[in-house]
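Given these sequences and hints, build the entire structure.
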Amino acid sequence: MDRATRKSLHQGDVTMHPEYEYRYDGHQGKVPGAQTGIEIRKTICSICNPLSHCGVDAYVKDGVVVKVEGSKENPHSGGTLCSKGNANRQYIYHKDRIRTPLVRKGDRESGHFIPISWNDALDLIAKRFLKIKEESGPESVVFYAGFPKWMRPFLKRLAHSFGSPNYCTESSTCFRASFMGAALNYGAMGPGDVARSKCLLVWSSNPFYSNTNLARGILDARERGLKIIDVGPLITPLTAHADIHLRIRPGTSGALALSIANVIIEEGLYDHDFVQNYTLGFEEYREYVAQFTPGVAEEITGVPAAKIIEAARLYATTKPACMMTSASPTTHHTNGLQNHRAIVALVGLTGNYDVAGGNLVVPPAYLYQQSPGLVTREPEFEQSRKWEQMAPRIGQAQHPAWCRLVPEAQAMQLPFDIQSGKPYPIRAMLGFGLNYRMWPGQDFMEASLKKLDFLVDVDIFMTDTAKLADVVLPACTSFERSELKFYPQQYVIWTKPVIRPLWESRSDAEIIFDLARRLVPDDGLMQKGYEACIDWMLEPTKLTLEELKKHPAGYTVTGAKAPPFQKYKKNGFATPSKKMEFTSTILAETGYDPLPIYKEPKLSPRSAPEVAKEFPLILTTGSRLPMFIHSRTFRLDWTRSLRPDPLLDMNPKDAHERGIAQEDWVRLSTPRNSIKVKANLTEIVPPGVVSMYHDYPEASVNLLVEPDYRDPISGFPGFKSLLCEVKKLMEGNV
Amino acid sequence: MNTPQLGFSFDLSRCSGCMACMSACFDQNDMPGNGSTFRHVSRIETGTYPSVSIRYVSLACMHCGDAPCVAVCPNRALSKRPDNGIVEVNKDLCIGCHACATACPFGAPQFPEGSFMRKCDFCVARVTQGLEPACARTCPTKALGFGPIEKLTEDKAKAASVKIVSSFNPNLAALGVGLTKP
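Line by line, the protein sequences are chains A and B. Its first residue numbered 12, the first sequence is counted upward by one per residue in our numbering. Its first residue numbered 116, the second sequence is counted upward by one per residue in our numbering.
Keep in mind that the hints were calculated from the coordinates and are not lab data. Hints are not guaranteed to be accurate.
For lysine-lysine, the following BS3-like pairs were computed, each having C-alpha atoms within a straight-line distance of at most 27 Å [claimed, not checked]:
{"#": "1", "chain 1": "A", "residue 1": "Lys589", "chain 2": "A", "residue 2": "Lys561"}
{"#": "2", "chain 1": "A", "residue 1": "Lys590", "chain 2": "A", "residue 2": "Lys572"}
{"#": "3", "chain 1": "A", "residue 1": "Lys433", "chain 2": "A", "residue 2": "Lys144"}
{"#": "4", "chain 1": "B", "residue 1": "Lys266", "chain 2": "A", "residue 2": "Lys83"}
{"#": "5", "chain 1": "B", "residue 1": "Lys257", "chain 2": "A", "residue 2": "Lys238"}
{"#": "6", "chain 1": "A", "residue 1": "Lys560", "chain 2": "A", "residue 2": "Lys144"}
{"#": "7", "chain 1": "A", "residue 1": "Lys209", "chain 2": "B", "residue 2": "Lys278"}
{"#": "8", "chain 1": "B", "residue 1": "Lys195", "chain 2": "A", "residue 2": "Lys83"}
{"#": "9", "chain 1": "B", "residue 1": "Lys273", "chain 2": "A", "residue 2": "Lys209"}
{"#": "10", "chain 1": "B", "residue 1": "Lys257", "chain 2": "A", "residue 2": "Lys53"}
{"#": "11", "chain 1": "A", "residue 1": "Lys116", "chain 2": "A", "residue 2": "Lys83"}
{"#": "12", "chain 1": "B", "residue 1": "Lys266", "chain 2": "A", "residue 2": "Lys209"}
{"#": "13", "chain 1": "A", "residue 1": "Lys397", "chain 2": "A", "residue 2": "Lys539"}
{"#": "14", "chain 1": "A", "residue 1": "Lys553", "chain 2": "A", "residue 2": "Lys572"}
{"#": "15", "chain 1": "B", "residue 1": "Lys257", "chain 2": "A", "residue 2": "Lys209"}
{"#": "16", "chain 1": "A", "residue 1": "Lys330", "chain 2": "B", "residue 2": "Lys266"}
{"#": "17", "chain 1": "A", "residue 1": "Lys144", "chain 2": "A", "residue 2": "Lys590"}
{"#": "18", "chain 1": "A", "residue 1": "Lys72", "chain 2": "A", "residue 2": "Lys560"}
{"#": "19", "chain 1": "A", "residue 1": "Lys209", "chain 2": "A", "residue 2": "Lys106"}
{"#": "20", "chain 1": "A", "residue 1": "Lys561", "chain 2": "A", "residue 2": "Lys581"}
{"#": "21", "chain 1": "A", "residue 1": "Lys561", "chain 2": "A", "residue 2": "Lys590"}
{"#": "22", "chain 1": "A", "residue 1": "Lys589", "chain 2": "A", "residue 2": "Lys138"}
{"#": "23", "chain 1": "B", "residue 1": "Lys278", "chain 2": "A", "residue 2": "Lys238"}
{"#": "24", "chain 1": "A", "residue 1": "Lys142", "chain 2": "A", "residue 2": "Lys397"}
{"#": "25", "chain 1": "A", "residue 1": "Lys687", "chain 2": "A", "residue 2": "Lys461"}
{"#": "26", "chain 1": "A", "residue 1": "Lys560", "chain 2": "A", "residue 2": "Lys624"}
{"#": "27", "chain 1": "A", "residue 1": "Lys116", "chain 2": "A", "residue 2": "Lys106"}
{"#": "28", "chain 1": "A", "residue 1": "Lys581", "chain 2": "A", "residue 2": "Lys624"}
{"#": "29", "chain 1": "A", "residue 1": "Lys238", "chain 2": "B", "residue 2": "Lys271"}
{"#": "30", "chain 1": "A", "residue 1": "Lys572", "chain 2": "A", "residue 2": "Lys589"}
{"#": "31", "chain 1": "A", "residue 1": "Lys83", "chain 2": "B", "residue 2": "Lys273"}
{"#": "32", "chain 1": "A", "residue 1": "Lys507", "chain 2": "A", "residue 2": "Lys553"}
{"#": "33", "chain 1": "B", "residue 1": "Lys273", "chain 2": "A", "residue 2": "Lys238"}
{"#": "34", "chain 1": "A", "residue 1": "Lys83", "chain 2": "B", "residue 2": "Lys206"}
{"#": "35", "chain 1": "A", "residue 1": "Lys689", "chain 2": "A", "residue 2": "Lys739"}
{"#": "36", "chain 1": "A", "residue 1": "Lys116", "chain 2": "A", "residue 2": "Lys142"}
Computed far set for chain A versus chain B, every beta-carbon distance over 10 Å [what the hints assert, rightly or not]:
{"#": "37", "residue": "Gly74"}
{"#": "38", "residue": "Ala98"}
{"#": "39", "residue": "Arg100"}
{"#": "40", "residue": "Arg119"}
Cβ coordinates follow ideal geometry from the N, Cα and C atoms, glycine included.
Here is the structure:
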């Protein structure tokens, strides 16, 4: 292709920095080899969550990535990449990347920064943090990790060694509530063993857009005859493969789960041995679920009673059966945690807990990812100081059950504590990938960040949150750093940078260890550096970095033995009673109902009929789209062009009633606020429900949610069920 | 058939509409990201609540056996490669008249720069080196495939036979037993 053509092809392309724009030669097709000078180097994609992180073949020419492709050596991703992964070049070489450390000049509204050297930046941060520690105590400094998650163990250790209990993460809105639900019932519960299962109960999860490698496994299992029950208000790509779809009204999962339990118990389909010998509180549970007959549940959930009965029988009588939930759809409700407990109780009730083809209990190897038989010392590494030796955590008073189970502070409470100064002042924060749009009522979080004495943000791009910081540090991408990664296939990789860090960016780990030298000189292990800490964590696996470095394309561990099944028979459950708890001891002790009770979402047509008069539609937010992962790929043309406008999914029936046509501009309102979006008429959503993706910079739906619209137990926001109205915008208002 | 005709295979039941094929194509071909694309993914909805079916279809140039674009091109800019049947465009001959776009039933021809036509070239430079087209390689659900048409047809028939047999005896399917050649 000639240069003139290329130039015209790139008209309107503003994503990539021109310095790294690749000169494409169509005839050679970027085929690697001596002729093209393209070499393949191995890395991983870390744009999305740690359960994916597909293996990447980076095609590198003259030190620049010219193409990416899935790595076939990676048994998890098997040579595939998703729509986000294929856009890695626009991510790496984006023009918005932060080039140097920056220090703010002027007030927070000015957005004016000047470059500063790394040494000066790190010295400045250390000086301010140590001064604040001296004046107000170490707890006044908050350490926060957003996306990606790979730096978490090091950041948590830095926080605790510094003396602050206030290490918190994006997990304050993601996964941890589902984890809590399972932990309250069982101590721990792992994902479904799909490959060996005969029936899969998918409870509001869409792995096709959140974990494509898992989705591929489900399709393969389906072709072998796996039965599938799909639960959720939306139609996902999975729905077409389901034998039964239970299309609930958002927020009513708990009622459906209790009704399924009702059918299973009434018909005697439960596992009598398990219930009799290994559970606590079954009689109270049985009594409670008695009121959730299929008829009652039909009224609450909108799912026909006959379908509930059919699904209950299929799940309870097909052995083994497994359950798949997701990180947050079941728990982003004001009764989310209890709903989730009611859902996962079905696993034990049917005898599918920790059996082949059921839901296994395998401890994570490293960073949330399991690799059966391999477990690192990550938890011991992270927690360098006992909780008792530190001040109470943010959220300790409001969310005691969280603090019993989750070794982090509850970040959803953070803006309230900054604003109130209670129980102690929060004065400074070190954030990695911090995004105030993640908080319900994001403007409240934004205003709270502005109140801090000192805010440091580490990020790849100059985000709206980074613009509020006093010091901004440039991080690099996964292509520019070394990191440890485990996969479920007992495959492990220590990546080598495939390109040098761009501009003056550095790996998050390097930044943390440089700060550790200045902030926690007494932490002997951290002073030994990043690789020494990795080796320390790896110790129980018998793996070493020295060995892993010999395998740049990764390494499959042989001889690691997966843990046995039904471990509870020998060890009991990791709950206070050592039994599976239908009635939770921890919830009773922390002042909540021990049963997995059902409550309506605080804003639903049934619970708030007065509000529903003006706001009759149910708003559900944050359901995954394939090309976005939270806010991380909005700025890439290759992903953004796949869904350029902020689209509100709306059923054609609701749209027609409001005179709304496809792609009309509409106003989406809740009692709190409103945003301007475009209507997307689709049967993906049922009538009465609209669905909006979160985090669009120009139409952020979290503005519409009150900061305290949260589950009291977990602290999770009720993002997935509230009330709203949609009105067509007239010409003049557009 | 002496010279194989290459083609894409597409399994409608496995496509999730994730558009990984589109972004892989963007990356392979350095596309501008302004909406111009050689591959399209469409959502097809049938029925209304509560009886709805939603499917996704991924389409690019089909490299048709009897390609209408080749037939209508007034300047013979389009041709079928004799060795593999890939429909190629010669940019030096293309006059940008859009006749091919009018004739193509799949919307394959694109005019991203407003002058000559560009479309999917089956990643011919990769394929002739034994690599897969970028879209087929990346497909997370393995809905997209490629190969000589004859082989794709045979594979499809085989898969259908397995389904028929397993409908009589599910255990055969569970064991991975199908109609394979004796």
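Comparing the hints with the structure gives:
At most 27 Å may separate the alpha-carbon atoms for a hinted pair to count; A/Lys589 and A/Lys561 exceed this at roughly 44 Å. With a C-alpha separation of about 26 Å, the suggested pair A/Lys590 and A/Lys572 falls inside the 27 Å cut-off, and the hint holds. At roughly 17 Å between alpha-carbon atoms, A/Lys433 and A/Lys144 fall within 27 Å of each other, so this suggested pair holds. Proposed proximity of B/Lys266 and A/Lys83 is supported: the alpha carbons are some 23 Å apart, at most 27 Å.
Taking the CA atoms of B/Lys257 and A/Lys238, the gap is about 20 Å. The hint holds against a cut of 27 Å. Distance restraint check for A/Lys560 and A/Lys144: the Cα-Cα separation of roughly 39 Å exceeds the 27 Å cut-off, and the hinted pair is therefore not satisfied. Restraint check for A/Lys209 and B/Lys278: the C-alpha separation of about 17 Å stays at or below 27 Å, so the hint holds. For the hint pairing B/Lys195 with A/Lys83, the CA-to-CA distance comes to about 32 Å; that exceeds 27 Å, so the pair is violated.
For the hint pairing B/Lys273 with A/Lys209, the CA-to-CA distance comes to about 24 Å; that is within 27 Å, so the pair holds. The suggested pairing of B/Lys257 with A/Lys53 holds, with an alpha-carbon distance near 22 Å, which does not exceed 27 Å. Annotation: proposed proximity of A/Lys116 to A/Lys83 is violated, straight-line Cα distance about 48 Å (limit 27 Å). In summary, the hint linking B/Lys266 to A/Lys209 is not supported, as the alpha carbons are separated by about 32 Å, beyond the 27 Å threshold.
Only pairs whose Cα atoms come within 27 Å are accepted, and A/Lys397 paired with A/Lys539 is accepted, the gap being roughly 22 Å. At most 27 Å may separate the alpha-carbon atoms for a hinted pair to count; A/Lys553 and A/Lys572 meet this at roughly 13 Å. A threshold of 27 Å between alpha carbons decides the hint, and for B/Lys257 with A/Lys209 the separation of about 22 Å falls inside it, so the pair holds. The suggested pairing of A/Lys330 with B/Lys266 is violated, with an alpha-carbon distance near 38 Å, which exceeds 27 Å.
Taking the CA atoms of A/Lys144 and A/Lys590, the gap is about 43 Å. The hint is violated against a cut of 27 Å. Taking the CA atoms of A/Lys72 and A/Lys560, the gap is near 23 Å; set against the 27 Å cutoff, the hint holds. Only pairs whose Cα atoms come within 27 Å are accepted, and A/Lys209 paired with A/Lys106 is rejected, the gap being roughly 49 Å. A hinted pair counts as satisfied when its Cα atoms are at most 27 Å apart, and A/Lys561 with A/Lys581 does not qualify at roughly 40 Å.
Annotation: proposed proximity of A/Lys561 to A/Lys590 is violated, straight-line Cα distance about 45 Å (limit 27 Å). In summary, the hint linking A/Lys589 to A/Lys138 is not supported, as the alpha carbons are separated by about 48 Å, beyond the 27 Å threshold. Pair hint B/Lys278 plus A/Lys238 holds up; C-alpha atoms about 15 Å apart against a cutoff of 27 Å. For the suggested pair A/Lys142 and A/Lys397, the alpha carbons sit about 23 Å apart, so the restraint of at most 27 Å is met.
For the hint linking A/Lys687 to A/Lys461, the alpha-carbon distance of about 26 Å falls within 27 Å, and the restraint holds. Straight-line distance between C-alpha atoms of A/Lys560 and A/Lys624 comes to about 63 Å, which puts the hinted pair past the 27 Å bound. A distance of roughly 22 Å separates the Cα atoms of A/Lys116 and A/Lys106; the hinted pair therefore holds under the 27 Å criterion. Proximity of A/Lys581 to A/Lys624 is assessed by CA-CA distance (about 56 Å); at most 27 Å being required, the pair is judged violated.
Between the alpha carbons of A/Lys238 and B/Lys271 the distance comes to roughly 23 Å, so the proposed pair stays at or under 27 Å and holds. Pair hint A/Lys572 plus A/Lys589 holds up; C-alpha atoms about 25 Å apart against a cutoff of 27 Å. This hinted pair checks out: A/Lys83 and B/Lys273 have alpha carbons roughly 26 Å apart, not beyond 27 Å. Between A/Lys507 and A/Lys553, the direct Cα distance comes to roughly 21 Å. Compliance with the 27 Å bound is thereby established for this hinted pair.
A hinted pair counts as satisfied when its Cα atoms are at most 27 Å apart, and B/Lys273 with A/Lys238 qualifies at roughly 23 Å. Simply put, A/Lys83 and B/Lys206 have alpha-carbon atoms about 35 Å apart, too far for the 27 Å limit, and the pair is violated. Restraint check for A/Lys689 and A/Lys739: the C-alpha separation of about 9 Å stays at or below 27 Å, so the hint holds. For the hint pairing A/Lys116 with A/Lys142, the CA-to-CA distance comes to about 21 Å; that is within 27 Å, so the pair holds.
The beta carbon of A/Gly74 is kept farther than 10 Å from every beta carbon of chain B, the shortest such distance being approximately 18 Å. Not every beta carbon of chain B lies more than 10 Å from that of A/Ala98, the smallest distance being close to 5 Å; the non-interface claim is violated. Distance to chain B contradicts A/Arg100 as a non-interface residue, since its nearest Cβ pair spans about 6 Å, not more than 10 Å. Residue placement check: A/Arg119 keeps its beta carbon more than 10 Å from all beta carbons of chain B (closest about 33 Å).
Of the hints listed earlier, those the structure fails to meet are numbers 1, 6, 8, 11, 12, 16, 17, 19, 20, 21, 22, 26, 28, 34, 38, 39, in rising order.
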